[in-house]
Structures are given as C-alpha cells and as structure tokens.
Amino acid sequence: MANRVTVNEQICKGCGLCTSVCPKKIMVIDRDKLNAKGYNPATVSDIEKCIACAMCAIMCPDSAIKVEKE
Amino acid sequence: MANRVTVNEQICKGCGLCTSVCPKKIMVIDRDKLNAKGYNPATVSDIEKCIACAMCAIMCPDSAIKVEKE
Amino acid sequence: MASYNMVFAGFGGQGVLFTGKVVAYAGLIDGKEVSWLPSYGPEMRGGTANCSVCISDLPVGSPLVTEPDVLIAMNGPSYDKFIDAVKPGGVVIIDSSLVNPSKRREDVTLCEVPATALSNEEHLEGIANMILLGKLLESTGFASMETVEQSVQKCVPASKAHLLEHNLRAIRLGMEQ
Amino acid sequence: MASYNMVFAGFGGQGVLFTGKVVAYAGLIDGKEVSWLPSYGPEMRGGTANCSVCISDLPVGSPLVTEPDVLIAMNGPSYDKFIDAVKPGGVVIIDSSLVNPSKRREDVTLCEVPATALSNEEHLEGIANMILLGKLLESTGFASMETVEQSVQKCVPASKAHLLEHNLRAIRLGMEQ
Amino acid sequence: MTTVYEKSKMLTDAPMSYCPGCTHGIIHKLVAESISELGVEGRTVGVAPVGCSVMAYNFFACDMVQAPHGRAPAVATGLARALPEGVIFTYQGDGDLAAIGTAETVHAASRGENIVIIFVNNAIYGMTGGQMAPTTLPGQVTQTSPYGRDVKTAGYPIRICEMLATLDGTAYAERVSVNSVPNIRKAKKAIKKAFENQIAGRGFSIVEVLSTCPTNWGLTPVEALKWLEENMTPYYPLGVYKDITAEEGK
Amino acid sequence: MTTVYEKSKMLTDAPMSYCPGCTHGIIHKLVAESISELGVEGRTVGVAPVGCSVMAYNFFACDMVQAPHGRAPAVATGLARALPEGVIFTYQGDGDLAAIGTAETVHAASRGENIVIIFVNNAIYGMTGGQMAPTTLPGQVTQTSPYGRDVKTAGYPIRICEMLATLDGTAYAERVSVNSVPNIRKAKKAIKKAFENQIAGRGFSIVEVLSTCPTNWGLTPVEALKWLEENMTPYYPLGVYKDITAEEGK
Amino acid sequence: MAERILMKGNEAIAEAAIRAGCRHFFGYPITPQTEVSAYLAKRMPKVGGCFLQAESEVAAINMVLGAAAAGVRVMTSSSSPGISLKSEGISYIIGSDLPCVILNIQRGGPGLGGIQPSQADYNQATKAPGHGDAHVMVFAPSTVQEMVTCIFDMFDLSEQYRVPAMLLGDGLLGQMMEPVEFPDVKVTPAEKPWAANGHQNKREHNVVNSLYLQPDQLEAKNIERFERYAQIQANETRAEAFETEDCDVLVVAYGASSRIARSAVMNARAQGLKVGLLRPITLWPFPKKELLKASKTAKDILVVEMSMGQMVDDVKLALECKKPVHFFGHTGGIIPTPAEVLEQLKTIAGGAAK
Amino acid sequence: MAERILMKGNEAIAEAAIRAGCRHFFGYPITPQTEVSAYLAKRMPKVGGCFLQAESEVAAINMVLGAAAAGVRVMTSSSSPGISLKSEGISYIIGSDLPCVILNIQRGGPGLGGIQPSQADYNQATKAPGHGDAHVMVFAPSTVQEMVTCIFDMFDLSEQYRVPAMLLGDGLLGQMMEPVEFPDVKVTPAEKPWAANGHQNKREHNVVNSLYLQPDQLEAKNIERFERYAQIQANETRAEAFETEDCDVLVVAYGASSRIARSAVMNARAQGLKVGLLRPITLWPFPKKELLKASKTAKDILVVEMSMGQMVDDVKLALECKKPVHFFGHTGGIIPTPAEVLEQLKTIAGGAAK
Ligand SMILES: Cc1ncc(C[n+]2csc(CCOP(=O)(O)OP(=O)(O)O)c2C)c(N)n1
Ligand SMILES: Cc1ncc(C[n+]2csc(CCOP(=O)(O)OP(=O)(O)O)c2C)c(N)n1
Ligand code: SF4
Ligand code: SF4
Ligand code: SF4
Ligand code: SF4
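Chains as they are written, first to last, in the numbering used here: chain A, 1 to 70; chain B, 1 to 70; chain C, 1 to 177; chain D, 1 to 177; chain E, 1 to 250; chain F, 1 to 250; chain G, 1 to 354; chain H, 1 to 354.
It is worth saying that the hints were derived from the structure and are not from the lab.
Glycine included, each C-beta is placed from N, C-alpha and C at the ideal position.
All clues stand as given, with none of them false.
A short, non-exhaustive set of chain F residues, derived as facing chain H with CB atoms under 8 Å:
hint	residue
1	Arg43
2	Thr44
3	Tyr57
4	Cys62
5	Met64
6	Gln66
7	Ala67
8	Ala74
9	Val75
10	Thr77
11	Gly78
12	Ala82
13	Leu83
14	Glu104
All chains should be modelled from the sequences, with the hints used to inform the complete structure.
Dropping the structure here:
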C-alpha cells in the first residue's frame, strides 16, 4: 500500500511550486482540469513512487496538500 | 601694549563658560554689573596676562567675545 | 442607436481592458463622446477584470455601466456576474471555448464565438479578445472597420507594432463568425 | 472688595508662580472662587515669568488678568511691562532691591520693599517673594494671616516641610515693612 | 496512516487572497505552525499590516487587529502593554515596515518591546501594483522605477536586520528565505524562536523573510523563487544578526 | 591688531534665544564659520527644526526654512531637489531627529540625499521643558522619566551614528562634542568636512554633536559640560562611524 | 464629597483619567499640554498603569488603537499640530468602532503657529477629525472642575457608543489652576466581547478592523455607525444656559472664551442690557435644541471664539439662519477680554434697539 | 488645438502638471491614484524633472514644503488616509504661505475603508485641511478634460494667492479614460522674491516660516491671510449651471456624482420634470452666488454626494436655509445610479407639486 497525498483542488491555484520541489517528479499540474477559480490544480501522477517526504506540502503556499505516510 | 578682549555685555548671559576655560583665569563674571536682561556679564580682570588664545571666545555660545592680538 | 453602454469582462490577462480601450478609441475617432472605466483593486489579481465603455452622442454621465446594452464575457464567472444586468434586447458575446452559458436569457441576443479555440487554430494565440471584438463590430456596427483599424493602431504601443496585422486579422476573423 | 485681580511677575526662579499659588490657595481656603494662570512657553526660560491670580465671590471669568488691582513686581522688566496696566487705585508692590521704578504713577499705591536685601540680612535667602507676600497681605488684607499660614502649608511640598517656618517668618517680616 | 503534513489549525478555512505561488502563503503557514506548536493560540493577538497581507486577519485563527499602513509595531505596542500575558506579533511587508513604518519599527526595537515582527521582504510594493520599495534592488524595474532603480536619485536598499541589530533593545534579528524546502525549514526555526523569545519575555524579535512577488516581478512562481535566490540573497545575506540568547550563552 | 576671534558674519545680530551656557550657541557658531569659510553663504539654505533651535532661522544669515517637528530631512530633500546648486543643511535636536523624525532621517540617509545634518544630541527635549528623549541615558531623570529612565519600559537610548552607518547611502557620520575647546575644534573640522562633502556632491553627511541642556538637566552651564563628558561620552563614543572619502582613500 | 484642591487643568484631567479607570496612556510632548504626561509619568507606575512616551503622535495614536482593541481604557493627549498627525489614526479608530479618549489642548495655528491658547481646531474636531464619513464626540469644558466631570463621562460614553471622545481644551484651561474636587464614583467599564485580547480557545477569533473591500459592506457599516451617531445627537447634547430667559442678545461661546463671555454678560446685565449666554459643552453633537431654547427671545446672536470664527456656521444652521449671527473673536493666541465682548454686545444691542 | 486622446484621469492630471511647468513631484503609492506616480516616474526624467517616491505621505508633503519654499512648482498626490497623514504638513504649508498642488483621489473611509470611489473627504478638504484657521482652494472637476484645465489654473492661482490648491477627485475620475486635449499655453510662473533659494549675497536672507510666538503677530498674519481668502471667495468661485433657468428642483452635485446627477436631470427633463443641476467646480471657495442664481426658481434642492452628506450644510448656508435641502447619496464606494437620482427627483417634484 502506498502513501497518500491529497490535494484540495478547490484551494489549489496551480502555481506549480509543489511540482518544482517534488524529488520524484510525480507532482504535476493537471492541465485537463479547471477549478471554480479557473486554475489547473496539481495532482500526483504516480503515487506509488511517493516517499512521503512532504516537500510538496511544505512548499504549497495555500496549504492545499496533505501528506500521509503508510 | 596688551592684547584686547571685548565682551559684548548686552549679549553676554553670564553663563561662565568662558571663565571655566581661560587658562590664565583672567576671565571672570562681574557680579557688580547687571545687563538689561538681568545677567552679570563676563569681564577680563587683568588684560596684561591675556595670551590671546581665544579659548574664552571659542567657548562662548553667544559669540559675545572678540579677541584681538597685539 | 444614440449610445452604447458595454461591459467587457474576463480573467486578468485576457485583454478585456485593452479590447474596451480599442472600442472607446473607435468611438472617439468617430467624434462621439466616450468613456472607459476599469474595475480596479486587488480583486483584479488572479481574479476577474472588467471594464465599462460608453459611446454616446451626448456627454457621458456615469461611466460605470450597470445595465449594459452589450456584454462581452470571456469567462464563466464574468458571464454569471453580468448576464442578469444586460438590458432586454441587448447583445451578449461570449468566448464559447471558455464560457458554458449555464443560464440563458430569451430577451437578449447571444453570440457564441469559440474565440480561444479559433485563435489557437489560426496562430493568433492570446488575442481571442480581438476575435470577439470583430464579432462585436459585426453584430452591433458600433463603428466602421476603418475606424476600428485606426483605433487598433492608436492602442497598440509602438514597441508592439509588429502585432498590428495579427490583431486586425483576428478582428476580421471575428466578423466572419 | 468683592474681587482681587493680581499679577505676580519677576525673573524665573524668583518664585513668583509659587507666591501666586499661595495667594490663590488662601482664597480657596476662605471659600472664594479663585484662579491662577501662569505665563508659559519658552520665553519663561532665562526670561521673565508671571502669573495672574483672581480671587472673587463670583465664578472667575477670564483667569488672565489684563488690568490688575494688584501688581507684585520682582524685577525691572516686569515692572515696566505691567505698570501701565494697573487699575487706578491699585496697589503695586516691588522688590526695591531689584526694581528701580523709572516710571511712577500718581494714581496707584506703590509699596517699595527691599525684599532681596532683607532676605539676605535675615537669613531668608531665596524667599524675598514671601516677604513681598507679607506686604501684600498687610496692604490689601486679601486674607487673614491664619489662612495664609494654612495656604503655605498646602503649597510647600512635604519634602520641604522644614522650610515652612522660614516662609512664615518671611511673610511676617514683610507685613512689618 | 500517519499524517506527515497537513494544514495548521491556526489557519482558518478562508482561502488565501494571495496570487498563485506567492510565498506570503508559506510564511503564513510557518507563523501558524509555530504558534500552534507552542500552544499559545488562545493568548495570541496578531497585527495585520496594510499590504497584500492586509487580510491576514481572515487567515490566522487567533485574535487579530488591522493596523494603519506602517503602524503595526505601534499597534502591537498598545496591545502588548494592555495584555501582559498576550503573545503579540505583527506581520508586515517591506513597504509597510521599512518605508512608512520606519520610525515605529526602529522605536519598537529600541524599546525592546516584547513583540514578534514577521517582516516579509519581497523587494516591492505588492498590493498597490508593484511600486519601488525601500528594499527594491539597484537597477530593479518597478512601476515607479521604470528605468531600473537608480541609486543616485532613488537611493539604496535598506538592510533592516543589519540596521536593527545596532539597537540595544533588539533581542533577536534573523534573515531567512522561503525559496526552497531547506530554507523554509530554517525559516520555521527562526520564527518559532522569535515566538519563544516573546513568551519568555526577552523583548523585541524580528524575522526578516525573503519572499517572492511573482505578479509584480512579472515572473512565474517557480522563476520567482530562482530570482529571489540569485538576486535578493546576495544583497540580503541570510543569517542571524543579533541573538541575545546566543550572547548570554557565551 | 589682528583679530584672533570674532563673531561669524554668517550669524545675524539677533541675540540667541538659548539659555545661558547652552551649547546650542557653540554649535551655531561652528556651522556658521564652516559655511562662511567655504564661501557658500549665498547658495546655502538651512532648515530649522522644532526644538530649542526652532528660531535658528533668525540666527543664521543664509536663507532658512522652518520645518515641522522631525521633518527637516524631508524639507531638506525638497530643497535639495529643487536647488541642485544649493548647499542644504538641517539643524536638529534629538527629539526632532531621533524620535518623531526617525523615518525621515533614515530615508534621507538611505537615499544618499545630498544634504548635511547637524544633529544636536543633548539627551533631552529642551524646548518643551525636559522630557525624555530617545537619547536619554538609562537611569536619567527627566520630566517623563521621573524615576529615572527604566529601560525595561521606556527602552534603550538610540545611537544614531552607529545606526545610520549601516546604510549604504550614508557618506559620512561622525560624533563629536562641544564640551571643551579641543573638542570644539574637532567638532568644527567635522562640520566643515560635512559641508565639503555636500559641495562635492558626495551625499548624506551627518555630524552628531553632544551638547548640553543646563536648564533641563538642572545643572550650571559649567557642571553641564562635565556631566556631558562623564555620562554621555561613555554611552555615545566620539569618532567617525562612516566616511566614504576615507574608504576611497584606502 | 472630597476636598477641593487647586490643580492645573492638565493635571486634573490626568488625575480624573486615572480615577475613571484609565491605566494606559500614550503620548508625545507638546506645549501646552506637557503637564498631562508629566503627571501621568509619575502617577501611572504607582497605580500599576502604563505611561509610555511614544516616538511621535502617529505612534501614540496607534498605540491607543492597539490598547483600545485589547479592551482597556486608554487615553492620549496632544495639541493642534499633533492632532493633525493623529488624524489618520483617529479615522482608523472610528472605522474600527473603538472607544478611547483624546485630548486636544489647542494652541494657535496654522502650522507651527504659536503656543498660546486657541480654539481654531473646532472644524477639525467637529467636522473632519480624519478622512471619510467620521465623527468623534467632542467635549468642551470651561472650568477645571468640568474637565474632571467630562473625563469620566467621556470614558463611559465612548465605550457605550463605541465612538472615540475628544476633549477640546486650550492652553488657558490646561495651564490654569482652579479648585477642583474628584467625585468618588465607582467606575464600571463596559463589557467588550469584541476585544482582541486572546480567545483562550473559548470563542471564535475576534477581528478589529476598518477594511471593507466590498462597497456595500462598507456602506452598511457606515450607515450602522451613523445610526449610533443619531442616538448620540438625540441623547448626549450638553449645554449650559446663563441669563437667557429674557435676553435680547444671546452670546454663544464654549470653553475658555465662554468664561470671558460670561464675565461680559454679567457686566452687561449690570449695565441693564438684556443679554444671555449659551455655552455648548458638547460641540459634536452640537446642542441645537438647547440653542433654540436659549435663543427664543433673542433678536441677535453673538458668537465669541478664539479663532477666525468656526462655530458660527453651526449656530446658523441650528437656528436655520433665522436670526442674525454676529461674530467676535481673536485668534493666534490672543485671549479676548470681557471688555471687548461687552463692547460688541453694546453695539449689537444698540443696533437691535434701533 | 491639439489632438484629442484617450487618457486616464490620473494620467491626464500628471501630464497636465508637467505642461503647467511642474518639475517636482513627491508622492507615496496608494490606490486609486497610483497612475499619477507611475506616469510621472516615466515622464519626469525625460523632461529633466524630479520624481521622487517618498518614504511616506508625511515625508512627501514635507518635501513639497521644501521644494515650494525654494520657489518651484511642485505637486503631490494621495488618497484619503494619506491626506489625513499630510494634514499637519498642509497646515504648515498654509501657515508658510507657500503655493503647491495637492491631489486627493478619494476612496471610501473611514480608516482603511475601501478603495472604491468616494467623496467623503469634503469636510476635511473644505473646512479642516489641518489644524488652525486654515483653508486650501479646493477644485472638483468632473471630467478628465476638466481635470486638465483645473490643474493649470491651480498652479497659477496657488502662486497668485500663495495658498495651496487641492484637487478633490475620486477613484472614478482617476481611473476612467475620456478624450482629452492639452491646451497649448505658455506658462509663466509668478515671481517669488520670498523664496528660500539662496540669497547669493544680493539680498537679506529669506525665511519661510509659520511660527509666530507673539500672539499679536500670529493674529495679524492670520488676518492678512484671511484677506487673501476673502479675495479668493470674491473672485475665484466656479460652477456650471445646467438646465437651471426654470427648474423646480435643483440638484447640487460635484465631481463624479455630478455626472450621475446630470444624466438623471437629462432623463427627468425627457420625462417633463423641470429640474436642473448646479455643479460646483470650486468647493472652497463655495460658489454661493452661482448657487443663489441657479436656484432662483427652485422650490427644492437635492444634494447628491458619494458620502453620508457633507456638502449639504454649505448648500443650506449659501441659501440661508430658505429652501428645503434634500440629500441623496451612497457612501463606502458605491456609485449612485442615474435611475436612483431620478427616483429622488420624482419624489421631490411630486411632493413639491402637491
Ligand atoms: C497611509 C497609506 N498609505 C499608502 C497606502 C497604500 N498601500 C497599501 S499597501 C501598500 C504597500 C504594500 O507593500 P508592502 O508593505 O511591501 O507589502 P506587500 O503588498 O508587498 O506584501 C501601500 C503603499 C495605504 N493604504 N495607506
Ligand atoms: C508635531 C509636534 N509634536 C510635538 C511638538 C512639541 N515639541 C516642540 S520641540 C520638541 C522636542 C524638542 O526636543 P529636541 O528635538 O531634543 O530639541 P532641543 O529642544 O533639546 O534642542 C517637541 C516635542 C511639536 N511642536 N510638534
Ligand atoms: S503548491 Fe499548492 S497551490 Fe501551488 S500548485 Fe501545488 S498544490 Fe496547488
Ligand atoms: S561664555 Fe559668553 S555668554 Fe557666557 S559668560 Fe562668557 S562671555 Fe558671557
Ligand atoms: S501582488 Fe505579489 S506579494 Fe501580493 S499576493 Fe500577489 S504575488 Fe504575493
Ligand atoms: S532648554 Fe536646554 S537645550 Fe534649550 S536652550 Fe535651554 S539649555 Fe539649551
């Protein structure tokens, strides 16, 4: 079983800071989605690779990310 | 002939700063005189001893002293 | 029509303020009384932007358009915000690539132009607004094409003169929609 | 006399403000309406100080005395400044050790008390003002000696209580002049 | 599952009004987490400035007062004097703190006022649309330095920590950055330490946080992090400028 | 006979309004002599503060502007920008410069504004009757620190030269004293140098002059000189805190 | 009742504040009100209170904002130029609905002006204490004793209505000594559930704020505040009428100038002139109904001020311009004399008699 | 005449200032007037002028004082809270008899308030721009073009009378674009023998000052200044009358709200209502005689403002309270609509008809 990363898509502003710090490069902006405020939210492309380092969450200015460890 | 020290008695406030720095102790407050503002002006007690060092004049906050050298 | 009261609305960055300015300048060139008023303040950042434009034969009173004859909406929130205010009989032009008009009104003319899609197809990236302007021109005739051309010339800064032709092409494209 | 309007004037440091306060307090002890108003501001420093004191059966209007019934002048400039303002029939008390009354008025009573000289003689250094207060008491009877004694007690701060007797002695001395 | 990271309870649910990728949000988190970890939410009163963080009163879950532009240290002084048990902090931008608020900042420090100042230095006026700040770098283009800041007419940037460190009342002054995860971790430590100082009554603590303004710098959020690192940190060296606890330790 | 010393022509005939023995008068002389010796009376504009020296406009024989309390550096900035050929100086007390005028002082320095500031530090508010100043020494009794300045509630004195020396815009900052003839001679050199800097366009120069306030210190003028030396100089060390000409020279 | 003692106006205010439960004072020195600070610097430490000399008037008023936001009784003091500097802060305090007491012991203006008594900040105090639609309650006592009673009321009313209260005095009232006694009342400050003093995890977080980015919210806030203003105008006007029952000429004057006017009225009565005095004690709210009542028999009104004539308009408006309103005053620190006012009264009465 | 171009109000002011010979600007950013600074930051260096962003509004107004004292044309700009901060400096500038131009592009208040258009600083501008007996000339243009013409006049008149001039605009006028053309006039600033710009050993030293410690001197100075004020009141009032000849109801409104009022009047006329508009262009001096003339036939007056009603009193006073004065307005940044004003006009006209 994998770790869990939850992005609050309504709060996310698609700034990409999380994606820039993810050591596994699995945090990505989802260009296909648009939230109510008009932003493309971040999402995890491959949760299996997640090491729960929480770099993304620490970096997120909007506290949109929750990281849980197996 | 001696040096000349002129105290503008109307301007002098009798503060005594000049007397405190005179190396020859010849600059004194004249307790017998009172100027229009109610101050006892400074005066030179013994001009012969004056070395025209101008210490008194340099110290005088009210520019009341003029020093001339022989 | 003696006067046009228009609202241009969308996300910041979509060029709605610029579009409004081109329209106002066209009015000026035609010798009309005109005004242009942007929304301003922090809500502009990351949020929506809009401006009011008035073109009239008489001096403009309030430059703030609260009951537009014409609404150009470039995103959903803007459409939602202004659609109810449009005067009966008014014209509403939307970028249908971005706006999915949830609410429809029977008493206004709705022009749906997939401006963003078109701009991408036609290598006119970033000037979907000019396509909508073309549609506005076509549907209201608020000015002549020549006037609008002059107006665009006025509004495009010298440093970006090379984009002039692009803009005009986009307007023409919009007129054909 | 229903009211006294007095001016106390001299150099800063001569205690004119304090004298005025003692007089005002005496009025208060006697159940009168009183006021005390100092001159204030930078001109006080190194310059002259003065205060207005009113004692009256009725509420005091302007606490600023412009036409004194009584003037106590402790230096020449003060005498010169206020002598013309004294009401005809008024009383003028001067420290004649310090004031040489250049101008004399026929219509006022002038009491010349060599207060400074006296105070030095009588080992009452620095309280020439109290000697003048004694003279004031004697010449106007604005209050009783008992009242003034109480007043001095009020006005001398606890830390200086040992000076009380000196003050009273000075006042008595002044009354005898 | 164990939670490795989640939103601090000292932050309200109100979505933050900052631009996408603006590091104001990160700094908010660090402040909230520090207060929360120290368990003093209930007696904390924060002071919001005028600037992009003017609505900080909506984001922090402690009592908050909104101050006039630049006067947060004075407002905090009033609070601190009225609430001896209170934990008082201000959150201020560089225009707020280092321009209009210079006197209030210097004097709160000089008085050793028992408050924490979180000083967000983003080298520009964010809220009003990108004017030159006292901290704008030489040559930097802003709305009011359109040809680049010319030090000959517009003067030099002010290094606040260095300046305040000269004052006897300053207990703690450190400059940190939030441009990377390691720096964020250091920033968190500094901010927490400032609050610890406050709780211990050590007096005036300021943490200067280098921050981004992607919107007015005209960069993407990620570019902005890099610009900060490459341009701001050389001019504003990170580090501790004063720490009376360290001095005491000596 | 040759004149060894006489009243400067840059001083008017108006008798000075200072208390007997107040060293404001000495500092006036040094300013006047410096301007006179540099031959720039005709293009000098001075700014008078609010404080005992408020009427400096009556004493200096150059054009003068009276500024609101603390704002002399801003007024001087306006003058300097309007008169590129002007020689602009301010003359300010410690309440004026270091309390209410802190922001204006720091920013004029930071801008490297081409002005001279003569800063008269007498550790008290003279004109208003002896209140605590930012420069009042710990323990010093004043009207508003009647039990002696308690640094725990009233804060610490500010050392202005040290603080301004941290700013890039400051060209020259020196602290001098006028409590003795040798010190007066040094003070004169410093003041003259500040004006030379101004004339050469080197930017912001400040000379802090330790001065007495016999009246509000409750001392005789001569005692006051001694008090200054014994109490103020230890806290406010004399010396050069910044000098770009020296740095250039290196 | 306690003993009557002689006290300077400035000191009496300071003592009254302490007795009214004020334990926080933030100020900056300025003539002619320095005694307020000097007194409190001595007294506050003895009663466990806080006296702080701020670095400026701007800082002082914002310290007041902070302390008031925390819910304590707080006061600040200044004189004319310092009040101008405070006007942004005052506007914020108004906009944040905070209670506090502000003293303006006026001096001559404009600019640095002078330091002698003046009443030339009337318009600023009553009409524009800061930017925006904003008012403070303005009290204008005329004796040292009344300064004391006003201070008690000001703290109470300010809390009751959540509107700052300003005492508009002047150098004359601040500097003079008069007998005064301090009432022996128990003070009970209002509950302040809105205060930002730490929620102790027991309630939602409080916010003290004057920002409303949505115009409709800002308008609603302003309208709500003006409803409180209307209550104040209805319930809190104060004035004293003196010899007004049958007056032909009514003098209107407040504060220091009302003392002079009162003497003039007494002298005029002694000379058989039917004149009276209406002395507003609150300047905002302006005592309209009191003025209407006092002026019933009057044919002419004479306003006496230590300014170029600032209250005149309020008098005219209160009377709906139905009676001629004359003005006499001095400005710049000159105190009018009773004789000058009497002169005016004679001229007007003479004119009216014709 | 030059070409008509589209320009924002704020930018047009800035350009007009440059063309009026202003080469010195000191300001501090604040919404909604930032474009003034932004424009001048670009333009000033090109014309050899000085644009300086001060560290605060307090510093900015004192830089203005310094530059004005040196004799140059100088301008500063701010919005409501910033103007409060400037009030001490403004009072000093008045007290020093210096000319300058001050912009207040008003926003909602009090306190931080909001950033949308407002007219709630009317009282501050016209009655108490600072402490003391003090006035500035206040201009209230209603179009971008008129802003330009006002700016030229303001520099000239300010120098002529040695009284600062304030442009009282608002966020609407500052932010909107309208066609504007710049007059091609040659500017000749007044001689300034009083300037503190270095005596060059050719004259006595000049002093720019507002301190007069002797009350009689301060009073004399104030009286002399009020004589200039009286001249301004006699000669410099400006207003525009629109459809007033036969009106039953006269609307009085200035600046942005006068535009709305004008639309309402046009609509009302179209509906047969006899209504007119008097638009004050100078607020101080208030155009009394123009108002009296315009209101000749009117039975009712309606004042429209973006505030809680601040000009109302001036209108009443000008009319000596002889006609009922109604008020309609919004505050806090809400812009009234012509329809709302029309509604009011109908109600009043209906009432009047009865
Ligand atoms: C007295 C006053 N002056 C100016 C303003 C306008 N203003 C609002 S925020 C701001 C500057 C904000 O910059 P900064 O403090 O650096 O914070 P940031 O927005 O960058 O976070 C200014 C000048 C104001 N509200 N009040
Ligand atoms: C705005 C304002 N605040 C306060 C004052 C009152 N005031 C006049 S001088 C002064 C302080 C003077 O002290 P300092 O600057 O140290 O000069 P000194 O008198 O000692 O030479 C103060 C507070 C004022 N005139 N204006
Ligand atoms: S950092 Fe946060 S706001 Fe930015 S993209 Fe990632 S989740 Fe979204
Ligand atoms: S120093 Fe000057 S003022 Fe003082 S006593 Fe000597 S001569 Fe007189
Ligand atoms: S303007 Fe700049 S500082 Fe303000 S929220 Fe946006 S990015 Fe952040
Ligand atoms: S009060 Fe002090 S500083 Fe002022 S003139 Fe007197 S001695 Fe000098």
